[in-house]
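The opening residue of the sequence shown carries number 0 in numbering that gives the first Met the number 0; numbering runs sequentially from there.
The set of hints was computed from the structure by calculation and includes no laboratory data.
All of these numbers come straight from a predicted model, not from anything done at the bench.
Some hints could be false.
DEER-style ranges, computed between Cβ atoms [stated by the list, open to error]: (1) Asp285 with Arg97: 45 to 55 Å; (2) Asp187 with Pro157: 28 to 38 Å; (3) Lys254 with Pro410: 32 to 42 Å; (4) Ser243 with Lys326: 18 to 28 Å; (5) Asp290 with Asp194: 17 to 27 Å; (6) Glu206 with Pro410: 39 to 49 Å; (7) Ser341 with Asp194: 26 to 36 Å; (8) Ser243 with Gln216: 23 to 33 Å; (9) Pro157 with Ser61: 24 to 34 Å; (10) Asp290 with Gly342: 47 to 57 Å; (11) Asp285 with Lys147: 46 to 56 Å.
The beta-carbon is built from N, C-alpha and C at its ideal position, and this holds for glycine as well.
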Amino acid sequence: MYFPQIAASVAVAATVVLGISGSTAIASKAVSSTAAPMAGSSNLISLLTAQKHSNSPTNTVSDKLARQLQATLDKTRLAAGIPGKGGVAGATLAIASRDEGQWFGSSGVADLATGTPVAPQDQFRIGSATKTFTATVVLQLVDEGKLKLDDTLDKWLPSIAKNIPNSNKITIRQLLNGTSGIYDYLADDSAIWQDILQNPYRDWKPEELVSYIYGRQPTIGKWVYPNTGFILLGMIVEKATNSSLASQIENRIIKPLGLKNTFFTARTDSVPGGIVHAYWDIYPQDGIDEDLTFVNMSVAWAAGTMVSNTQDLIRFGDKLFRGKLLKPRTLKEMLTFIDLGSGFGYGLGIWSNDTPWGKAWRISGSGIGTAAALWYLPNRGLTVVSLSNQEVGQYFTSIRNATLELVLGKP
Numbered sequence: 000m001y002f003p004q005i006a007a008s009v010a011v012a013a014t015v016v017l018g019i020s021g022s023t024a025i026a027s028k029a030v031s032s033t034a035a036p037m038a039g040s041s042n043l044i045s046l047l048t049a050q051k052h053s054n055s056p057t058n059t060v061s062d063k064l065a066r067q068l069q070a071t072l073d074k075t076r077l078a079a080g081i082p083g084k085g086g087v088a089g090a091t092l093a094i095a096s097r098d099e100g101q102w103f104g105s106s107g108v109a110d111l112a113t114g115t116p117v118a119p120q121d122q123f124r125i126g127s128a129t130k131t132f133t134a135t136v137v138l139q140l141v142d143e144g145k146l147k148l149d150d151t152l153d154k155w156l157p158s159i160a161k162n163i164p165n166s167n168k169i170t171i172r173q174l175l176n177g178t179s180g181i182y183d184y185l186a187d188d189s190a191i192w193q194d195i196l197q198n199p200y201r202d203w204k205p206e207e208l209v210s211y212i213y214g215r216q217p218t219i220g221k222w223v224y225p226n227t228g229f230i231l232l233g234m235i236v237e238k239a240t241n242s243s244l245a246s247q248i249e250n251r252i253i254k255p256l257g258l259k260n261t262f263f264t265a266r267t268d269s270v271p272g273g274i275v276h277a278y279w280d281i282y283p284q285d286g287i288d289e290d291l292t293f294v295n296m297s298v299a300w301a302a303g304t305m306v307s308n309t310q311d312l313i314r315f316g317d318k319l320f321r322g323k324l325l326k327p328r329t330l331k332e333m334l335t336f337i338d339l340g341s342g343f344g345y346g347l348g349i350w351s352n353d354t355p356w357g358k359a360w361r362i363s364g365s366g367i368g369t370a371a372a373l374w375y376l377p378n379r380g381l382t383v384v385s386l387s388n389q390e391v392g393q394y395f396t397s398i399r400n401a402t403l404e405l406v407l408g409k410p
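I would like the entire structure built from these sequences, with the hints used as guidance.
See below:
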């Protein structure tokens, strides 16, 4: 989830995460690539041993590779961020490789005030990685015949749709892949930022979030980062199932996969075991990272409210990409990407990006003071995940490339 630049009067710093433009609209090109699940691919998750959230996961890579991965994580974390500030406060890194085994590591601190170190199994807010969970539930409902990708917004949310011009032409598929052109309610110029800063503890209702886009003309067919689209999708899920989005994600994904460290929750104090603190330099002129762990993330809801850790994200990605959560045709739809240029694409709640080692599918995003990224290289049988408690885009590109080079060699 992106939290873009706010005017100086409300003093929230600009962020662009993982090198993708934020809420600006850009013309989408024809669908550039369609990727199918890897037939007969190795089950990476068989490497993982089920753990309770209080236990460290088991490492199975060679001692040499383990030392190299830890050194790379330490070096990359310290080199990222604002010069002179000591890099990213805390981060975790994990790999699951069909050839090398699995490794889970951590670096830095979970709490700047106490100096508590980050542990490999620690839980972070995962921001827009939430979107992939929401998209998976939507597509499961498509598999069950309860929704269709070509259903229009006005069919499912008529009272909301009447406030959005041309809503009868906006489909569920477009809400998922960002081509609905609906204004991002978290855009730079959105009035919501004044309200967030006035009361960061506020419990937001989805209807309140989408009200910030009422009356704005969608640029249908042009790609706009789909924060608003995913709020609307969450509401559609609740309408189609007559139950909460949280319960759907829990019953369809979290419980069946045994994700012990994954929660759909807006409040920090509701997370068993707690989470790593989140930091953001709100006032860049003072050089101080404020602790924003307390912010109520109902403001992100279906677009960015979840908590997880590297172990659970590896398991989720493995099951998703190997076709264990969706039917083949629906997974193929998810992995059909709009070409955004510069080697990036966006599918149905998921990214693709080119790397020197080949195409990667990416589950990623940021929140207020946290960021997450999972890369899966389908042709290499390799998953890399990293979580951080500061939003520093260059950290993720650096840790991805350094880790891939260690595991796969120079491209």
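So, going through the hints one by one against the coordinates:
no.: 1; hint: Asp285 with Arg97: 45 to 55 Å; verdict: holds, 47 Å
no.: 2; hint: Asp187 with Pro157: 28 to 38 Å; verdict: holds, 30 Å
no.: 3; hint: Lys254 with Pro410: 32 to 42 Å; verdict: holds, 39 Å
no.: 4; hint: Ser243 with Lys326: 18 to 28 Å; verdict: holds, 24 Å
no.: 5; hint: Asp290 with Asp194: 17 to 27 Å; verdict: holds, 21 Å
no.: 6; hint: Glu206 with Pro410: 39 to 49 Å; verdict: holds, 48 Å
no.: 7; hint: Ser341 with Asp194: 26 to 36 Å; verdict: holds, 34 Å
no.: 8; hint: Ser243 with Gln216: 23 to 33 Å; verdict: holds, 31 Å
no.: 9; hint: Pro157 with Ser61: 24 to 34 Å; verdict: violated, 59 Å
no.: 10; hint: Asp290 with Gly342: 47 to 57 Å; verdict: violated, 35 Å
no.: 11; hint: Asp285 with Lys147: 46 to 56 Å; verdict: holds, 51 Å
The structure fails hints 9 and 10 (numbered hints given earlier, in ascending order).
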